[in-house]
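Number of protein chains: 2
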Amino acid sequence: MEALNVIHKRASLKACLTEKGISTETVTQILDAARVAPSGRNNQPTRFVIVTDKTLINTVVKEAFAEANALVAGAPVLIFVCANPKDSIVRDGQSYYLFDAGLAMENMLLAAADLGLVTHPMSGFDEAKARKILGIPEEVRIVAATPLSCPAQGAYDEAAKERLAGRTRKSLEEIAFWNSWEGK
Amino acid sequence: MEALNVIHKRASLKACLTEKGISTETVTQILDAARVAPSGRNNQPTRFVIVTDKTLINTVVKEAFAEANALVAGAPVLIFVCANPKDSIVRDGQSYYLFDAGLAMENMLLAAADLGLVTHPMSGFDEAKARKILGIPEEVRIVAATPLSCPAQGAYDEAAKERLAGRTRKSLEEIAFWNSWEGK
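If you're matching them up, the sequences are chains E and F in order.
Numbering that gives the first Met the number 0 numbers the first residue of the first sequence as 0 and each following residue consecutively.
Numbering that gives the first Met the number 0 numbers the first residue of the second sequence as 0 and each following residue consecutively.
No lab work stands behind these hints, which were simulated from the structure alone.
Treat the hints with caution; some may be incorrect.
It does not matter which identical chain is meant; a pair holds if it fits inside one copy or across any two.
Below are the BS3-like pairs computed for lysine-lysine, each with C-alpha atoms no more than 25 Å apart in a straight line [to be verified]:
1. K131 / K160
2. K160 / K19
3. K131 / K183
4. K169 / K8
5. K169 / K53
6. K169 / K85
7. K53 / K160
8. K8 / K160
9. K128 / K160
10. K19 / K131
11. K128 / K169
12. K183 / K169
13. K128 / K61
14. K131 / K8
15. K53 / K183
The structure presented is a predicted model; accordingly, all values stated were derived computationally and were not measured.
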């Protein structure tokens, strides 16, 4: 699909998950999209823990995720986006591993949508519990996670339809300013 | 262009800028791609300051950018990605406006590449000086900036060719782990 089209069709679709398996080749394609994202000074601080073991998915979701996100356990793949802040550039108190993780995550979300798969980026989980279950070292931060799934509706467009129709975004006038802050 | 294709063709191309103008419609298409990016709890903290005034571009680049990035003054458009941290979700000491800015920036970079335009995300500038020149309030952080330009070589693929050939990225084995940290 055309990139601009995918950018506009990408939606957060945790309500559209199904347990149907996804091939390792497809998951690898999505990780490879994240791999080529830019990062501060090309430091590439972002790491990915891909959970496909059904028992492990159930455990980490039950132990570390909020009730509202419990349905994520229905996905065949759960990807955690991590980084060690010591690999990050820091400028004026801002640690850029979070920015770099965002660049990589967006590539993953778009690659998945391009392949007809649904995702849902989330950061609201118990990081310490997830870290322990997945054996992630203390110094590594888990920035975000996303389930990866075939759409329960069969087709991506069908799955995303309702969510996109109800999408709420600020207008460009509210967020884009020309030549000065709040400039028109 | 197919989204996966654009993801792999996107490169940081500050060496390929030209002063040729870009229409407001095209810049708006790129901002609109950033606008639909996801954000924590849909808070949408990201803001954009789009500098098209030639004198202002020259001033901000001369005053706030490092010598190595001085050539950015050759672009017709310079976009600053900003956020007020008080609009951000915070979890375990991590302020997600940086992550959200990364999600939005990647959409911009990909939209631009899809339209045949070159970009180069950068964070190494004097934020206080840029903030003053652009009238950005003290409490707003400037996370990153990118020039936006037609490729000096005429065609995007021609501009990106050398850079992509010299691309250095860690292998998937180094960054993607299965079912546990550093799991194979």
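Going through the hints against the structure:
1. K131 / K160: neither (37 Å within a copy, 43 Å between copies)
2. K160 / K19: Within one copy only: 21 Å inside, 39 Å across.
3. K131 / K183: For K131 and K183, the Cα distance is within 25 Å only across copies (18 Å; inside one copy 49 Å).
4. K169 / K8: within (17 Å within a copy, 30 Å between copies)
5. K169 / K53: neither (38 Å within a copy, 28 Å between copies)
6. K169 / K85: between (35 Å within a copy, 17 Å between copies)
7. K53 / K160: neither (29 Å within a copy, 42 Å between copies)
8. K8 / K160: within (9 Å within a copy, 29 Å between copies)
9. K128 / K160: neither (34 Å within a copy, 44 Å between copies)
10. K19 / K131: Classified as neither: same-chain Cα gap 27 Å, cross-chain 53 Å, threshold 25 Å.
11. K128 / K169: neither (35 Å within a copy, 28 Å between copies)
12. K183 / K169: within (16 Å within a copy, 42 Å between copies)
13. K128 / K61: Classified as within; 10 Å inside a copy, 48 Å across copies.
14. K131 / K8: neither (35 Å within a copy, 37 Å between copies)
15. K53 / K183: between (52 Å within a copy, 17 Å between copies)
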